[in-house]
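Student: For the sequence shown, counting from 1, position 12 maps to 12 in the UniProt record's numbering; every step adds exactly one.
Hints are computed from structural coordinates only; laboratory data are not their basis.
Among the clues, some could well be false.
Under the rule of at most 27 Å between Cα atoms (straight-line distance), these lysine-lysine pairs were calculated in the DSSO-like manner [stated by the list, open to error]: (1) K62 <-> K74; (2) K120 <-> K62; (3) K85 <-> K74; (4) K62 <-> K85.
Label-pair ranges, simulated between beta-carbon atoms [stated by the list, open to error]: (5) S90 <-> K120: 25 to 31 Å; (6) G46 <-> T98: 20 to 26 Å; (7) S61 <-> H94: 15 to 21 Å; (8) V131 <-> E89: 25 to 31 Å; (9) P68 <-> M106: 16 to 22 Å; (10) P130 <-> E78: 31 to 37 Å; (11) P70 <-> L101: 17 to 23 Å; (12) E115 <-> E81: 22 to 28 Å; (13) R83 <-> I118: 18 to 24 Å; (14) G46 <-> S90: 25 to 31 Å; (15) S90 <-> P44: 17 to 23 Å; (16) E78 <-> K120: 16 to 22 Å; (17) G122 <-> K88: 30 to 36 Å; (18) S132 <-> P68: 18 to 24 Å.
Even for Gly, the Cβ is constructed at its ideal location relative to N, Cα and C.
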Amino acid sequence: MHVTTAMQRSQITCHSANQAFLLSKNISIPTSILPVTMTSSNPPKGHFNILFFAAAGSFTSKHVESLPAPLPLKKLFETLEERYKGIKESILDHSLVTINLTYVDMPSGEDDGSEELIIKEGDEVAIIPPVSSG
Numbered sequence: 001m002h003v004t005t006a007m008q009r010s011q012i013t014c015h016s017a018n019q020a021f022l023l024s025k026n027i028s029i030p031t032s033i034l035p036v037t038m039t040s041s042n043p044p045k046g047h048f049n050i051l052f053f054a055a056a057g058s059f060t061s062k063h064v065e066s067l068p069a070p071l072p073l074k075k076l077f078e079t080l081e082e083r084y085k086g087i088k089e090s091i092l093d094h095s096l097v098t099i100n101l102t103y104v105d106m107p108s109g110e111d112d113g114s115e116e117l118i119i120k121e122g123d124e125v126a127i128i129p130p131v132s133s134g
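Model the full assembly from the supplied sequences, consistent with the hints where possible.
Tutor: Below, the structure written as structure tokens:
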């Protein structure tokens with residue numbers, strides 16, 4: 001079963017409304033420049049999805065990726081750094097992280113006695129860099 005969040009529904013509605021407007025005016029736009037809707041499908045068996053927002057998506061040139069599960073949360077940034085050299089310092093060290101829409105604190109690397117979080121099969125992880133506007 002695929003569940004869409006309120007944000008995804010609003011993006012789909014907005015995208016559909018824009019597309020309908022363009023069609024009503026006989027305006028043709030290449031699909032390659034249309035906005036990408038941040039939706040995540042179910043990950044393959046034995047994997048979890050990671051969503052890259054804003055600068056994280058630009059850095060990786062991806063909006064979603066599936067990674068093997070289980071993965072200890074404390075290994076997430078290390079795993080991403082192996083795939084995308086420089087992402088930890090440039091993006092991840094300043095980003096928020098959610099697992100299944102719940103914000104989580106990234107482990108500091110020191111053993112603070114807290115329970116270790118494990119990213120499980122089917123989970124959805126989001127990397128959310130700081131957003132600024134001017």
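Student: Determine for every hint whether it applies to the structure shown.
Tutor: Tested hints:
no. : hint                     : in the structure
1   : K62 <-> K74              : holds (22 Å)
2   : K120 <-> K62             : holds (21 Å)
3   : K85 <-> K74              : holds (18 Å)
4   : K62 <-> K85              : holds (15 Å)
5   : S90 <-> K120: 25 to 31 Å : holds (28 Å)
6   : G46 <-> T98: 20 to 26 Å  : holds (21 Å)
7   : S61 <-> H94: 15 to 21 Å  : holds (19 Å)
8   : V131 <-> E89: 25 to 31 Å : violated (19 Å)
9   : P68 <-> M106: 16 to 22 Å : holds (19 Å)
10  : P130 <-> E78: 31 to 37 Å : violated (21 Å)
11  : P70 <-> L101: 17 to 23 Å : holds (19 Å)
12  : E115 <-> E81: 22 to 28 Å : holds (24 Å)
13  : R83 <-> I118: 18 to 24 Å : holds (20 Å)
14  : G46 <-> S90: 25 to 31 Å  : holds (29 Å)
15  : S90 <-> P44: 17 to 23 Å  : violated (28 Å)
16  : E78 <-> K120: 16 to 22 Å : holds (18 Å)
17  : G122 <-> K88: 30 to 36 Å : violated (25 Å)
18  : S132 <-> P68: 18 to 24 Å : violated (34 Å)
Of the numbered hints stated above, those contradicted by the structure are hints 8, 10, 15, 17 and 18, listed in ascending order.
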